[in-house]
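These protein sequence lines map, in sequence, to chains A and B. For the first sequence, this note's numbering gives the first residue as 1, with consecutive numbering after it. For the second sequence, this note's numbering gives the first residue as 110, with consecutive numbering after it.
The set of hints was computed from the structure by calculation and includes no laboratory data. Check the hints yourself; a few may be wrong.
Said to hold, decoys possible - Chain B stretches covered by chain A per the calculated footprint, using a threshold of three residues with CB under 8 Å from any CB of chain A:
hint	region
1	174–180
2	256–265
Claimed, not checked - Listed next, with one range per pair, are the computed distances between beta-carbon atoms:
hint	chain 1	residue 1	chain 2	residue 2	range
3	A	7	B	115	44 to 54 Å
4	A	3	B	260	25 to 35 Å
5	B	173	A	15	19 to 29 Å
All C-beta atoms, glycine included, are put in the ideal place defined by N, C-alpha and C.
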Amino acid sequence: MSDRVEQLLRSALVPVDPPERLSDRLERGLSDLTEAAATELADWELSAMRDPRNWARPAAAVVVGSVAAGGLVLVRARQQQKKRQATGLQALEKSIRGVADDIEKRLRG
Amino acid sequence: MEATADKERLDSDFTELYRAHLRDVYSYAYYRVGNHHDAEDLTEQTFLQAYRHFDRAQRESDGRPLRPWLIRIAHNLAANFYRDRSRRPMTQLEDASVLHEPHGTEELVEEREEVKEVLEGVSKLPEDRREALIMRFALGMDNREIARALGRSEGATKVLIHRAIKQLEESLEREGHE
């Protein structure tokens, strides 16, 4: 019977394809994450950066922002194939990279 | 710059992970929560959380596949989902793709009925057994991967799956499927 049960399980638990709209939702979620990271960085008082105890928070924001931006690249690659429309997301990603580079330079300085 | 190169590599690796396992995460989520709406929520949250911790996960994976890590995130989020909303998994999976196939021969109708009863049987199993079966049959994960996703040893996972199939078998027999 076990073989039969396994066969039935294979028939019952088939992989389920995600709906197309899920990619759009993921893109929006990642955009929010990226914006939150950018805001976190923009609001940060650079004077506080001299205290090493404060480095962890913006550094984490850089990681979240940059990784999320990377995620956006992959999601948007599909979107752009479909729509062929320019959006502000690349600019947003670039601006996050700019802020991250700026902080990195200041931390080194 | 080294940091930029690292980031580009990380982005590229995440892209690969996303493309390879979106369907796995969605399938797991669907069979956990029982409907597409909540499965989408769960899948979205899983990937957002994965973004946040991908760098560290990759460093600590030591070259091992990251699918169990992704499924573990979904597993933890699903547990929170039920706790926060006081929900239970749905027993009906009426819109699973296999049940959408058009009616055909009598044999096919009979098989559809069997599949439906198996799904109902799976939904009544204890949570850990149900999850192990979803991972094995819907995602095609081996014992090692399932063990990592559930935080158990391979031996314990093998026993878990065996007991899950046995319990399901007994349940189907009671329902007259022998």
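So, going through the hints one by one against the coordinates:
no.: 1; hint: 174–180; in the structure: violated (count 0)
no.: 2; hint: 256–265; in the structure: violated (count 0)
no.: 3; hint: A/7 - B/115: 44 to 54 Å; in the structure: 47 Å, holds
no.: 4; hint: A/3 - B/260: 25 to 35 Å; in the structure: 29 Å, holds
no.: 5; hint: B/173 - A/15: 19 to 29 Å; in the structure: 22 Å, holds
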